[in-house]
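Trainee: Protein sequences appear in the order of chains A and B.
Taking our numbering, I'd label the letters of the first sequence as residues 1 to 358.
Taking our numbering, I'd label the letters of the second sequence as residues 1 to 358.
Hints listed in this document are in silico derivations from the structure and should not be mistaken for laboratory results.
Please note that the accuracy of each hint is not assured.
Stated by the list, open to error - Short, incomplete list of chain A residues facing chain B, as computed with Cβ under 8 Å:
#	residue
1	Arg169
2	Phe190
3	Met350
Quick reminder that beta carbons are idealized off the backbone N, C-alpha and C, glycines included.
2 protein chains.
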Amino acid sequence: MYSRLPIIQAPMAGAQDARMAIAVCEAGGLGSLPCAMLSLEQARAQIGAIRAATSAPFNVNFFTHVSPQPDPDALARWRDLLSTFYGEFGLDAAEQAPSPQRKPFDEDFCALVEDMRPPVVSFHFGLPSDELLRRVRGVGAKILGSATSVAEALWLERRGVDAIIAQGREAGGHRGMFLTEDVEAQSGLFALLPQVVAAVKVPVIAAGGVANGRGVAAAFALGAVAVQIGTAFLMTPQALISDIHRAALRAARDDATRVTNLFSGRPARGLVNRLIEMLGPLNPAAPAFPQASAALAPLRAAAEARGSGDFSPLWAGEAAGLAREMDAGALTETIWREALACAGGLDAGMRQAEAQAK
Amino acid sequence: MYSRLPIIQAPMAGAQDARMAIAVCEAGGLGSLPCAMLSLEQARAQIGAIRAATSAPFNVNFFTHVSPQPDPDALARWRDLLSTFYGEFGLDAAEQAPSPQRKPFDEDFCALVEDMRPPVVSFHFGLPSDELLRRVRGVGAKILGSATSVAEALWLERRGVDAIIAQGREAGGHRGMFLTEDVEAQSGLFALLPQVVAAVKVPVIAAGGVANGRGVAAAFALGAVAVQIGTAFLMTPQALISDIHRAALRAARDDATRVTNLFSGRPARGLVNRLIEMLGPLNPAAPAFPQASAALAPLRAAAEARGSGDFSPLWAGEAAGLAREMDAGALTETIWREALACAGGLDAGMRQAEAQAK
Chain A
1 MYSRLPIIQA PMAGAQDARM AIAVCEAGGL GSLPCAMLSL EQARAQIGAI
51 RAATSAPFNV NFFTHVSPQP DPDALARWRD LLSTFYGEFG LDAAEQAPSP
101 QRKPFDEDFC ALVEDMRPPV VSFHFGLPSD ELLRRVRGVG AKILGSATSV
151 AEALWLERRG VDAIIAQGRE AGGHRGMFLT EDVEAQSGLF ALLPQVVAAV
201 KVPVIAAGGV ANGRGVAAAF ALGAVAVQIG TAFLMTPQAL ISDIHRAALR
251 AARDDATRVT NLFSGRPARG LVNRLIEMLG PLNPAAPAFP QASAALAPLR
301 AAAEARGSGD FSPLWAGEAA GLAREMDAGA LTETIWREAL ACAGGLDAGM
351 RQAEAQAK
Chain B
1 MYSRLPIIQA PMAGAQDARM AIAVCEAGGL GSLPCAMLSL EQARAQIGAI
51 RAATSAPFNV NFFTHVSPQP DPDALARWRD LLSTFYGEFG LDAAEQAPSP
101 QRKPFDEDFC ALVEDMRPPV VSFHFGLPSD ELLRRVRGVG AKILGSATSV
151 AEALWLERRG VDAIIAQGRE AGGHRGMFLT EDVEAQSGLF ALLPQVVAAV
201 KVPVIAAGGV ANGRGVAAAF ALGAVAVQIG TAFLMTPQAL ISDIHRAALR
251 AARDDATRVT NLFSGRPARG LVNRLIEMLG PLNPAAPAFP QASAALAPLR
301 AAAEARGSGD FSPLWAGEAA GLAREMDAGA LTETIWREAL ACAGGLDAGM
351 RQAEAQAK
């Protein structure tokens, strides 16, 4: 998929930078740079770093949410709900702490794309305006969009994307969903992928729950032409996550994640922690994306200072338990070798089963 | 898996009888007879019908829930919640209608198993008591149990099952879950299956979202030794579902199902209809399994008489859109042929990708 190997390293805003992308690109996969939490200058520097380090194609990723109107009442209610926890840490109700910013793709980012000309650009939460999309296409970039349903896949195809990422419910981090807010509408990858493949003409990339070569072979069997892998790369040394997050991933079990809106205001899958247990994973009091994170920032900082991830977003997909501690480049190569071996073994095994059945 | 082909037709209580099982067995798959909604006499007659029609192995399935103590208050609150709908159909609040009974595996069913000696026995919602399980093992039957998590798979393995059905979140009908009531703990099959395979030593059967040969090949790639397929068989002429249910399945989209407790009191996946829209898919007022269905029976009958499935359980998995209208035997053979072709094509395709990558 644009790269030598059909493995895309999922863009994971806040958890990685150019270093991970470069390692994956050099191994033959498609490395990705997430820009949603970068300033324009940071994004420019990071893309420059990739260009300087590798001649392989790479992907630059943007969010396309609409920044919400400030809603002081909603933010006050949210702070109020969190006040017990503030008290626990001796934090003042008006406490502030640096909070992750999440910026949508805009005129400035588009000018950057026109300037830096990345070979692939992927969007999350739908697509930007027709005008901005036309300009991205104008630089010759391949355009990828994420779909959590057949309806979203058809919408993306009508807008002219080059390929669709079918994001199954298993995926960690933010759901790409943009035509519905009902998280229950997102199918598991086993059901979603073949139905998206049947519905659209463009190539389909599988995402969600893929962590090793068996997953790659399975996704190909279901009709994907490539996979996008996220959580498995969080255990690489190139991931910029906290030791707390890393330890939580190391202990992750299959039933340990939930889709939650608490950390950003938009549904995303992460490991269950105390905040999720206390407020429930999906709480209507969480302010609109991305505003929920600001009031959590002081709590998160205070808890992390004590070595606790009670108030941190511990993003993880349902297959976190399959992640391995391995260099991102080596992981890319290993997954591909595993996929080849799996496909060969599968064919042989099934022909043997057929012979025995006769 | 005990049968010639590694395809198990999922037992679907209320939706099929011996005829479907016989068609699948004769095609080489493992046909299943669900007994939860049969009387002892009916179960005996149905097993006898399978024995008379085929010499192939077959599976007999039982529920292992604990029948709840009657809770008149809970039942009254449930009727109260439904009273608006009763009024709409001009039904009396005390209206009764024949309602599906769901009986757990007990002394009588066990004696039947000892008498009829089915080659395979599968259990849903855990396992029966050690004593009953020992007796089933005593007749030489292979024993299958359903797991919705690694924890449940390990529990089943410790109790000595011969194989574990890993039921992904995509699956239609009742979740097999028995160690938790939190439906969010169940992973999608892409994540669940390889983690169960890694955790247990017994063979693992994949269920949930598998509807065609591509799904079989994908499940094998992820480590399954067989698949259990349900919803895809609901569109066969052997399925005993209403025309209303059949029409709803024909129109099913990937995002059209929800896990709901409204129809039985226990979470099960079905197509969204008016009852689910009005009460929400998971409503705490639904009485303990299987008592929720009694108060719905008059509504269901009245609505179905008008050609409406507004109050019917329209069980379906997330891959219902892939189901084909085809004889159950022909479907079994078709799926296996597709799986063989898929595995061969996958191996060739991936080796070609590898050659190009070099």
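Trainee: Holds or violated: the hint that phenylalanine 190 of chain A contacts chain B, with Cβ atoms closer than 8 Å.
Mentor: Check passed: Cβ of phenylalanine 190 of chain A comes within 3 Å of chain B, closer than 8 Å.
Trainee: Under the criterion of a CB-CB separation shorter than 8 Å, is arginine 169 of chain A in contact with chain B as hinted?
Mentor: Check passed: Cβ of arginine 169 of chain A comes within 5 Å of chain B, closer than 8 Å.
Trainee: Would you settle whether the hint for methionine 350 of chain A is holds or violated, based on the nearest Cβ-Cβ distance to chain B being less than 8 Å?
Mentor: At about 4 Å, which falls below the 8 Å cut-off, the nearest Cβ of chain B leaves the hint on methionine 350 of chain A intact, so it holds.
Violated hints for the displayed structure: none, as all numbered hints are satisfied.
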